[in-house]
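**Student:** Each chain, written out:
Protein chains: 6
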Amino acid sequence: MTDKIEATILANIQRLSQALEEEKKMITSTDGAFPSVEGLKEVIRFANNIFFPDLFDKRRNGCEIRSFYIGVAVEKLYSTLSKEIARALMFGTEIREEEAFRRGKELAAAFIDTMPEIKRLLYTDVQAMYQNDPAVDNCGEVILCYPVVRAMVHYRVAHSLFKLNIPVLPRILTELAHSATGIDIHPGAEIGEFFAIDHGTGVVIGETCIIGHHVTLYQGVTLGAKNFTLDSNGHPINVPRHPILEDYVTVYSNASVLGRITVGRGSIIGGNVWLTNSVPAESRILQRKPMATTFIDGLGI
Amino acid sequence: MTDKIEATILANIQRLSQALEEEKKMITSTDGAFPSVEGLKEVIRFANNIFFPDLFDKRRNGCEIRSFYIGVAVEKLYSTLSKEIARALMFGTEIREEEAFRRGKELAAAFIDTMPEIKRLLYTDVQAMYQNDPAVDNCGEVILCYPVVRAMVHYRVAHSLFKLNIPVLPRILTELAHSATGIDIHPGAEIGEFFAIDHGTGVVIGETCIIGHHVTLYQGVTLGAKNFTLDSNGHPINVPRHPILEDYVTVYSNASVLGRITVGRGSIIGGNVWLTNSVPAESRILQRKPMATTFIDGLGI
Amino acid sequence: MTDKIEATILANIQRLSQALEEEKKMITSTDGAFPSVEGLKEVIRFANNIFFPDLFDKRRNGCEIRSFYIGVAVEKLYSTLSKEIARALMFGTEIREEEAFRRGKELAAAFIDTMPEIKRLLYTDVQAMYQNDPAVDNCGEVILCYPVVRAMVHYRVAHSLFKLNIPVLPRILTELAHSATGIDIHPGAEIGEFFAIDHGTGVVIGETCIIGHHVTLYQGVTLGAKNFTLDSNGHPINVPRHPILEDYVTVYSNASVLGRITVGRGSIIGGNVWLTNSVPAESRILQRKPMATTFIDGLGI
Amino acid sequence: MTDKIEATILANIQRLSQALEEEKKMITSTDGAFPSVEGLKEVIRFANNIFFPDLFDKRRNGCEIRSFYIGVAVEKLYSTLSKEIARALMFGTEIREEEAFRRGKELAAAFIDTMPEIKRLLYTDVQAMYQNDPAVDNCGEVILCYPVVRAMVHYRVAHSLFKLNIPVLPRILTELAHSATGIDIHPGAEIGEFFAIDHGTGVVIGETCIIGHHVTLYQGVTLGAKNFTLDSNGHPINVPRHPILEDYVTVYSNASVLGRITVGRGSIIGGNVWLTNSVPAESRILQRKPMATTFIDGLGI
Amino acid sequence: MTDKIEATILANIQRLSQALEEEKKMITSTDGAFPSVEGLKEVIRFANNIFFPDLFDKRRNGCEIRSFYIGVAVEKLYSTLSKEIARALMFGTEIREEEAFRRGKELAAAFIDTMPEIKRLLYTDVQAMYQNDPAVDNCGEVILCYPVVRAMVHYRVAHSLFKLNIPVLPRILTELAHSATGIDIHPGAEIGEFFAIDHGTGVVIGETCIIGHHVTLYQGVTLGAKNFTLDSNGHPINVPRHPILEDYVTVYSNASVLGRITVGRGSIIGGNVWLTNSVPAESRILQRKPMATTFIDGLGI
Amino acid sequence: MTDKIEATILANIQRLSQALEEEKKMITSTDGAFPSVEGLKEVIRFANNIFFPDLFDKRRNGCEIRSFYIGVAVEKLYSTLSKEIARALMFGTEIREEEAFRRGKELAAAFIDTMPEIKRLLYTDVQAMYQNDPAVDNCGEVILCYPVVRAMVHYRVAHSLFKLNIPVLPRILTELAHSATGIDIHPGAEIGEFFAIDHGTGVVIGETCIIGHHVTLYQGVTLGAKNFTLDSNGHPINVPRHPILEDYVTVYSNASVLGRITVGRGSIIGGNVWLTNSVPAESRILQRKPMATTFIDGLGI
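Chains as they are written, first to last, in the working numbering: chain A, 1 to 301; chain P, 1 to 301; chain U, 1 to 301; chain D, 1 to 301; chain S, 1 to 301; chain V, 1 to 301.
Keep in mind that the hints were calculated from the coordinates and are not lab data. Cβ atoms here follow ideal geometry from the backbone N, Cα and C, with glycine treated the same way. Each hint should be verified, as a subset may be incorrect.
[Unchecked claim] Computed footprint of chain S on chain V; a stretch qualifies when at least three of its residues, placed anywhere within it, have a C-beta under 8 angstroms from a C-beta of chain S: (1) 11 to 19; (2) 95 to 107; (3) 114 to 126; (4) 170 to 180; (5) 252 to 266.
[As the list claims (entries may be wrong)] Distance condition first, Cα-Cα at most 25 angstroms in a straight line; then the derived DSS-like pairs of lysine-lysine: (6) U/Lys-83 x A/Lys-41; (7) S/Lys-163 x S/Lys-119; (8) P/Lys-83 x U/Lys-76; (9) U/Lys-83 x V/Lys-83; (10) S/Lys-105 x V/Lys-4; (11) V/Lys-4 x U/Lys-76; (12) D/Lys-76 x S/Lys-4.
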């Protein structure tokens, strides 16, 4: 390291060590506690061991021993999750450390109380994917391979934490799935049984969506907001602003369904369609035909 | 842990330990053997060392020693892959363990017999990307950086295993690439030489696609099915249902090409187009123009 | 291993050990040095510790000790980055090893000199996301959860290296973010302050884009080229070919904006629109309405 | 690498690849299976979790959940140990793979059947150390810190495997403890309850030793053979050749007790003594006094 | 797993899950907190970085940056050690969790206050070894290679914690060094400047030893107790019972020096000697000569 | 962290950041390069794969592939060792970096040239242990379990490096074995074929020892110096000062053989003996008998 380089580095360390005004304002937390992404990955790992014990934990051999494995997985999930909840409470809200840890334990137990129902729902999702796909031979293959299963495990766990009013963690969980699958489901959305997404990359499901049973989406579908309601400071308000999809609706690839509209039971929305008004039950909505041309101007590279 | 929390946890362990009816039915395997995602990641690591020895294994120094490295990589790939194939056979089919391991070894060797051809094809793909991109300086950069190369290594390996009728593994392999790149190529698709995908996020290539030589796709392109043929139980049948793209076809971003149609040699399909009928050679297909407006209703957030 | 299998394996080792003609030609480097993806991941890890010290490095406890942590992180970044730059120089260009390491050190110091400005810009991006999103409670949540922050850290670091004419590394950095977020920003693009992308999967921003301040994009937006200018050998030339977005422009989901056009200050481009010509300030551009139909032909699966 | 260096390396690879005559003869195993040191370390880790659940597995919280943890640890120990036994059988004896794995499972279960007794004995050893040591405050400290506890866990597990006639593994286990503690107990030795070794470095206890209850040894003590009985080929024969120590015997530091002699109940053998004949109960044996001198010849550096 | 094996395993899980009476009594701790060996290994790693920054942390480049590295290492040591002290307090004594953590922080800071003196002493030990050994070329080699340096770092750190009345941790620290080096120094012993041990395996230094400056020991030396003083229950009492070695004493290999005796300044104790009474300054003590014989009875194998 | 604690920590960081005078003087190295213990552990790992390919590398399956594995192991050993030698040269001597790396490569190749001979010698050592031990069934067990094999691999590699005048590394290698086995062999010692050490803890073999063929040692044996020759500054001189053991000598446990004496061919030295003068061929040397006593004064605890 030459003297000139050392001088440059030392000068910048000084500049970088001074907190920006924005930096000082915006992050506050009781005693420097932050939720840990690693911790949440562990929570999902334990949850997978519990929901799909034959697939994700190979050491099970017999019935009774299986329950020991599940017992250990539940206890470890409890222990990791209660810590992460405590940190999330201290990160997002004013709370004493002791109180945060006490609440973390209660809320982790409350979450565990919802796990049997989450498991039941996940198996309906697996069945939905299995029935939709002509190529699949085996439900185990769906669980092992399909991105939608990963997305739904994360979403259904995150949604349960969201309903318990736990801050920050639900969003981190769904963003982990978003990164791995390209499927972005807000933890606040309500999704019924037998939900299927094929391929999935680019799917976005907004915070106030309500989705019925037996709904199927394809890649690139947006269930989004049409526009924002602003408060007097021009800051957007969190009101119902995403679509309602009734039972047995199907939305094909890259379609956008926008605003607090209702897509009636059994409707089919075609690919690349851009829909901003409600449609009655059993509707069929299609994009207009493209045109053929001899000169092509603008390729969309 | 308070008594109330402990009681909640114990009650739920009991409930979660009881296998659901669906769970019992749907996953069956000879003696609890499941393919391992970690094992398949190793297979790809060894394959990369073999296909691109200068880039992925830096310890090579001279010509003869290079062959030792490749020898070891091939032997390790054989050993890991034969085990994974055996597990996949036991997972997807009724087979005795011993027979599965014997078949696993034969099929792994059969796969290795296709590796020189896979390597040849991959270098045509690298060249295609290199020739398409004005920014790239260096083929090594393509191999190191471009998601399409990762997607094609996974796909071409998976396709070879698919043609050997090995269950489950091909799909796990392409889903690993899908997760990392957003490019979802079904291992059953047939793809010719000099294949290029730019950017790639959201590309979907269906199981029965047939793609010629020198074809280029851009991000968000779907080569999908128009609709399903159902059997008498309403379950979709696995028949040819995805497009045929002849040599020198280009499809621009977010276009959807659907159904068992043929896109003639040298055709160009414009961005965001939604095409469901065959077009002759040298076609040029464009989306209709958007409209300008002063009032905007529905933003697609 | 049977004799037949061993013979197959040995024969293929021999075939795979012979370098292809293309292989020999295309990868050249001074003494087998290649940039390391692991090294660049470390650089980003150190950069995150420096930009967001409270979030990514929990061991800080007081003001002065914080500067020690930042000092160490800067020095480690310097040491790792200077090696990676040296390798990139030897990979992409003819240069002696000693010279490469000397230049690597200078360029790493020059990069560190830009880090305070990168940090300032990143905090404007965080604020932009915070102001756009009705759901978010807390800027720290934006930094922890939102894919756009990860994408922008990678892009702003890569862009700074790009402007220092460092080869290969900028592209590897943005592809790492592309893989994790589905957001593909070319390191050559120019992007102003307070930049926001919501959801983000499928966004593509081309090499010669120029983007003003306070611009917002949604998922699936392409800012691409309309067509290529070819040189006399038919190879595309690297000229300005991507759009200019002036300040306060918003582009909604899956829209494609193509070619060296200008989108005027304060314009809004609607979802799924495909735009290939310049529009004046405050424009509102919308897709044509879809049609309802009773027969649906082509679902875009 | 210069040409000369490459030639040297290649020539030596050739020489090193040719198996020596001794090499070919001496190692034989069914299909290349060898016991794995890593596997045995896992076995000990699981055993510690089972014997000292409060100390080595911190996640236990309540009584019932504790049994889940122990259940999982026992099942994992079974699964790892049965594989290692199968490999040891194939390594040391002529046996078919299938038979080896079947026997491995039976023997692992037979070992587990001895674990409650091993646990009981280990707690007597802990108590013995606790009562001997004026400095120790707390039995947990003995378990956490004292090398003798590690040595005795390894020995008592190894001795149980030894009595089940399992080859190779017992010796690997005691050598692992030997390396970590300097205490070398042959797995064939018989050792009673309440056994203590203080400091321990250099202690050697031979294969045919018989040690009663409440025996205490200090560092450097050898309980060895006086001489060997040779067979007609001059190879030593495995006959009783190490001492018998009756109950309540104490042997102080660096003493050597040699041959098939009996040290009577309650005897004390002083430090640095070299004893080769039996002594009656309650004996007191001491080294002769050293001499003072003005000239020192030979320092024993 | 056959039914019979499963039954065996389940029965033993039940038996192993029942805590022994001894087990219940002997380990008590506030809320299951135990000191962590991994944590203490980290403390030593940080301490080595602080004491020998040039050798154990290679990333230092210049003077000011060196102080950043030391600052970070000290802060990490503080943070890890304060947690381990808190756990040790809860393990060994009745104390509330909050109080334990508060005390842990105070005591960790008090320890850091002794580190400059520990560093000074360690460099005198390194010099002593360097001056004793005809083979060594370089003090850095002593620090990198010699087991005594490892033993003394552990001992001097442990002794400082011992004097702060911190339970359990000092002993774990010296046992870690004992395992790695065969040198067993009780943390309670008092050892002066310029202390050297050559080879070291088997050295034992008891709790109440007092050792002056410039003392040198060789392998296998015991500085032990002659006998115990028992209390009315027959439990040994912790009184001064180990030797005092004045300045410039040397003790050669395998000698035992026992009881609360004084070895006068400048004395030399020969190899294999067994000494139980005080000797004046400048003494020379030797073992009696061995005898030659034609018949050898007892080999000490 | 309270203000008082923070002040303490900051003050000590300042004190600890100032290099001691001794510290500044004693460690010098070209550009901060130090040999790496991790690197040397890798060298030994590769060496074990080369010497015992069937035992330490389980992936070998057939004859030709075995040579690939050995080829790769030799090349990796070359690459790691040449770097470590370069660092050792820069650590111990004044040398330019470039020159150090050039010499490192030459010396690593020169070392590889000695590996076939080292391998031959190691197999004689294994046979010697096998013939000495009545308990062992299988030479593979000797290689897997016996500490002497580990010690001899380290020693024979270190001795070869020592004869090539490579500084520092030989000593680090033998200290690694010393720590793991308690056997301390100086890399300068000369040791013949068929060398055996049983148990081994506490064995010390000095730098200028010369040991013939078929020599056997037991635990605790010291082959040491009787006294030092000092130079005019009182610093000890490195002259021949350790014993010569002729062929077929055996030395039993805890014996000390000291000074430049010769133990004649075929001699047996009994346990605990302390020998400082030469003995003729076929000598038998024994310790004097201990005495029995009723009062025991000094137990050597």
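**Student:** All hints are to be evaluated individually against the structure, with a verdict given for each.
**Tutor:** Results for each hint:
Coverage of the region 11 to 19 of chain V by chain S holds. Counting CB-CB distances below 8 angstroms, 6 residues qualify, and the rule asks for three or more. Check on the region 95 to 107 of chain V: 0 of its residues sit with their Cβ under 8 angstroms from a Cβ of chain S, so the three-residue criterion for coverage is violated. Counting residues of the region 114 to 126 of chain V whose C-beta lies closer than 8 angstroms to any C-beta of chain S gives 0; at least three are required, and the coverage claim is violated. Given as covered by chain S, the region 170 to 180 of chain V passes the check, having 5 residues with a CB less than 8 angstroms from a CB of that chain where 3 are the minimum.
With a threshold of 8 angstroms between beta carbons, the proposed coverage of the region 252 to 266 of chain V by chain S holds, since 6 of its residues qualify and at least three are required. This hinted pair does not check out: U/Lys-83 and A/Lys-41 have alpha carbons roughly 32 angstroms apart, beyond 25 angstroms. Restraint check: the Cα-Cα separation between S/Lys-163 and S/Lys-119 comes to about 17 angstroms, which is no more than 25 angstroms; the hinted pair holds. This hinted pair does not check out: P/Lys-83 and U/Lys-76 have alpha carbons roughly 41 angstroms apart, beyond 25 angstroms.
A hinted pair counts as satisfied when its Cα atoms are at most 25 angstroms apart, and U/Lys-83 with V/Lys-83 qualifies at roughly 17 angstroms. Pair hint S/Lys-105 plus V/Lys-4 holds up; C-alpha atoms about 11 angstroms apart against a cutoff of 25 angstroms. Restraint check for V/Lys-4 and U/Lys-76: the C-alpha separation of about 30 angstroms exceeds 25 angstroms, so the hint is violated. Our distance criterion of 25 angstroms between C-alpha atoms is met by D/Lys-76 and S/Lys-4, whose separation comes to about 17 angstroms.
Checked against the numbered hints above, the structure violates hints 2, 3, 6, 8 and 11; every other hint is satisfied.
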